[in-house]
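J.: Sequence:
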Amino acid sequence: IYLTVTRPDIAYVVHSVSQFISAPRTTHFSAVLRILRYLKGTLFHGLHFYSESSLALHAFCDADWAGDPTDRRSTTGYCFFLGTSLISWRSKKQTVVSRSSTEAEYRALADATSELLWIRWLLQDMGVSQSTSTAIYCDNQSAIQIAHNDVFHERTKHIEIDCHLVHHHL
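Residue numbers (my numbering): 264 to 433.
Watch out, some of these pointers could steer you wrong.
List of simulated lysine to any residue pairs, SDA-like, C-alpha gap at most 25 Å [unchecked claim]:
#1 303 - 273
#2 355 - 333
#3 355 - 332
#4 303 - 277
Derived from the structure by calculation, the hints contain no laboratory data.
I would like the entire structure built from these sequences, with the hints used as guidance.
T.: Here it is as structure tokens:
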């Protein structure tokens with residue numbers, strides 16, 4: 264798990280395998296061995312920060328819908344770049360079951376928005392203020408429409424808190 268601090272390329276697979284840490288089976292052990300073989304073959308991969316890169320912050324977020332067959336919860340993933348350098352990422356199972364792919368994507372967007380607020384505060388504290396708004400790229404058009412909609416409907420009331428968070432920071 265500690266390797267994911269500097270190796271975002273294994274974050275999702277480590278997230279998947281770590282769910283079975285209390286009762287691992289042979290397949291999980293095989294998956295861990297495969298991860299270790301991958302790491303051995305990619306020793307010089309990792310985070311790279313380029314001095315000529317801009318300091319513009321942007322992000323990408325995504326979610327699968329009901330991706331875990333055991334409990335049908337979705338997985339959120341997001342990553343933040345400062346210029347071309349990756350500075351923050353996460354792969355995490357959502358705490359509730361989403362009723363649609365739009366809801367799963369919107370929850371991912373809300374998580375990314377929360378992380379964005381913290382990163383912007385941290386950058387401000389370090390003297391690297393962001394003069395423009397930060398783009399968060401999301402591939403679900405319905406989630407984007409909900410984010411831009413001032414009116415909350417019956418079908419979105421169960422994600423109302425996330426809606427208010429994202430809408431407030433647009």
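J.: If a hint holds in the structure, say so; if it does not, say that too.
T.: Status of each hint after checking the structure:
A C-alpha spacing of about 13 Å is found between residue 303 and residue 273, which places the hinted pair at or below 25 Å, so the restraint holds. Taking the CA atoms of residue 355 and residue 333, the gap is about 16 Å. The hint holds against a cut of 25 Å. With a C-alpha separation of about 15 Å, the suggested pairing of residue 355 with residue 332 holds against the 25 Å cut-off. A C-alpha spacing of about 15 Å is found between residue 303 and residue 277, which places the hinted pair at or below 25 Å, so the restraint holds.
When each numbered hint is compared with the structure, no violation occurs for any of them.
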